[in-house]
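**Q** Residues per chain, in single letters:
Protein chains: 2
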Amino acid sequence: MIVTDPRAWADAEGYLRRAQAILAITHVSPDGDAIGSLLGFTHAMRSLGKLVTPTCQDPPHPRFDYLKGVRDIRQSGEGEFDLIVSLDSSDLARLGSIFIPAQHSRLPVVVFDHHITNLNFGVVNVVEPGASSTSEIIYALLQRMGVTITPDIANALLTGVITDTLAFRTSNTTPDTLAVAMALMRSGGNLQEVTRQALIMRSFDSLRLLGAGLMNAKLEGRLAYATIPRKLRKELDVKEERGDAGLVSTLITAYEVDVAAVFVELQNGDIEIGLRAQPGFDVSQVALELGGGGHPAAAGCTLPGPMRDAVNRVLPRLKQVIREA
Amino acid sequence: MIVTDPRAWADAEGYLRRAQAILAITHVSPDGDAIGSLLGFTHAMRSLGKLVTPTCQDPPHPRFDYLKGVRDIRQSGEGEFDLIVSLDSSDLARLGSIFIPAQHSRLPVVVFDHHITNLNFGVVNVVEPGASSTSEIIYALLQRMGVTITPDIANALLTGVITDTLAFRTSNTTPDTLAVAMALMRSGGNLQEVTRQALIMRSFDSLRLLGAGLMNAKLEGRLAYATIPRKLRKELDVKEERGDAGLVSTLITAYEVDVAAVFVELQNGDIEIGLRAQPGFDVSQVALELGGGGHPAAAGCTLPGPMRDAVNRVLPRLKQVIREA
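Sequence order for the protein chains is A and B.
For the first sequence, the residue numbers in this note's numbering are 15 to 339.
For the second sequence, the residue numbers in this note's numbering are 15 to 339.
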């Protein structure tokens, strides 16, 4: 399902073959695909004798500590390079403080990404919206370049595939995705362990927060919603200051629910809102109207507080989505 | 990874080719692999012109209603047949009331199963403990017999693969499992929808019960446990009378937890106990000692009540498992 112009692939390969010192950058607030494609690429290019510096503005979450080399990812783009490779980032701004215009503007940038929103900001752009993940694209690159996939590379790329498909549960999972995962397992990747570490494990705190959220959840018609006020976090003595502990993704798994919403009160008083919908319903329009974004099945936005105002603004619109579907 | 004697495969194929009227039986309390392998086999053999009667002592759970033909599964083995095919059942007793000795004892039985505990009770036994599921074995059978995989067959077999691997999360998932899933997708199987319907969706009631269980859960050292007394179900007005709503599987996902236990008070006062362990810990010995069974990572047993006695009997043993690991 590779759709990029074959010349772009050939050009990308040419840049990589000629490069000696590569600055590899992935996006701020890195997720599993950001870290996985960055490390998979780094290990592979090093096996070809390249000097590679993997970087990300924000340090990876400790849940990815099982990945070889994750602690060597630098938070600075300083140094001498002859090529920049951007991984899983749709535009230059998403590379954050790593990209230093004064030093990097003269360098060619090769872009690997699967986001359809990619701005094609590189001198070469390998952008494959049909791929499950940037890791799936890096796998295709390594196949093309004849790189031997080691278990470290396999586990890095599996991490990207697993996290971006929620272990093959999302609609971006294609037969090709399964073929890539199969090949990575055959090269020594540990699918079960990657899934456990990257996707399943969480803190006991977050389980208690999930429990409290489920107990507080309300069902109005086919709309389920719950609030997570700051004082709930304080009562439960939860250490993590953000997030909904998977509450909105859990609410949408109920037969009785077509649309789910969770309202999280942030430190600054703003309300972060996560929306989910069953197939056939579209919550992305509501998120867009309110200054957010996303997909029909999963979207979000942030509104000013207090909680009650945000709830009163969003619920009527969601009920309308259900009525008009 | 097919290990059965090639002659057994050839014999099984011979019986199927010669048969005119097949009684296909799967085990009592059917899970996704029971239903999936039964329906996949039925559709496929009918496409070869065979008369097939799919049966199961207990009616399938409504969550499987998306499968073509699921409502035509009969709860009786009466009729004229020249061959019995047993699917996903490790012994004759697991076929329940469908197998009527007076009528069926003279008929040849062909067995397809992936349980290592299979008693090889057929005239031919295709038993593949390395397969993720009986559905994976039926896929190999259909490949062998040159059956065209329709979307209905694909969705049935995907159901077995997905439910027996928890969507590729368990240790029985091999590269071959992914290859089969990929092929089934290419034949029109809808992986996302099968996963959603067979594995993810649940009642809003069960979410509230899960929430209450998580709020009540206790962490003692690296042991997490929770109780679900009958009165909690009554307070929450939960309709389903059994099960732990996924509570023990959720507790074991916490970083802080090596072993998890959930105690469910049954209608008759007995206490059903579910046990889970992180890799490196073994709860099956405790379950065995108490008259239950299972695997190192997932086991269970039933003890007499009251709740407190069962809890006091099991917790010290689990703490010992953690200490001695």
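Source of the hints: derived by calculation from the structure; they are not laboratory data.
Heads up, a few of these hints could be off.
Footprint (simulated), chain B over chain A, 3 or more residues, beta carbon under 8 Å [stated by the list, open to error]:
hint, stretch
1, 135 to 143
2, 146 to 157
3, 199 to 205
4, 305 to 312
Here are the simulated lysine to aspartate or glutamate pairs, EDC-like style, with alpha carbons at most 20 Å apart [stated by the list, open to error]:
hint, chain 1, residue 1, chain 2, residue 2
5, B, LYS253, A, ASP72
6, A, LYS64, A, ASP19
7, B, LYS232, A, ASP251
8, A, LYS232, B, GLU234
9, A, LYS253, B, GLU249
10, A, LYS82, A, ASP72
11, A, LYS232, B, GLU279
12, B, LYS253, A, GLU303
13, A, LYS245, A, GLU270
14, A, LYS232, B, GLU286
15, B, LYS232, A, ASP296
16, B, LYS232, A, ASP96
17, A, LYS64, A, ASP25
18, A, LYS253, B, GLU234
19, B, LYS232, B, GLU303
20, B, LYS245, B, GLU270
Some but not every residue of chain A turned toward chain B, in silico, with C-beta under 8 Å [unchecked claim]:
hint, residue
21, LEU106
22, ALA193
23, MET196
24, THR209
25, MET215
26, ARG216
27, SER217
28, PHE218
29, ARG222
30, LEU224
31, GLY225
32, THR264
33, PRO318
34, MET321
35, VAL325
Heads up, the beta-carbon is just placed ideally off N, CA and C, and yes, glycines get one too.
**Q** Identify every previously stated hint that the structure contradicts and give their numbers, smallest first.
**A** 1, 2, 4, 5, 6, 8, 9, 11, 12, 13, 14, 15, 16, 19, 20, 21, 33, 34, 35
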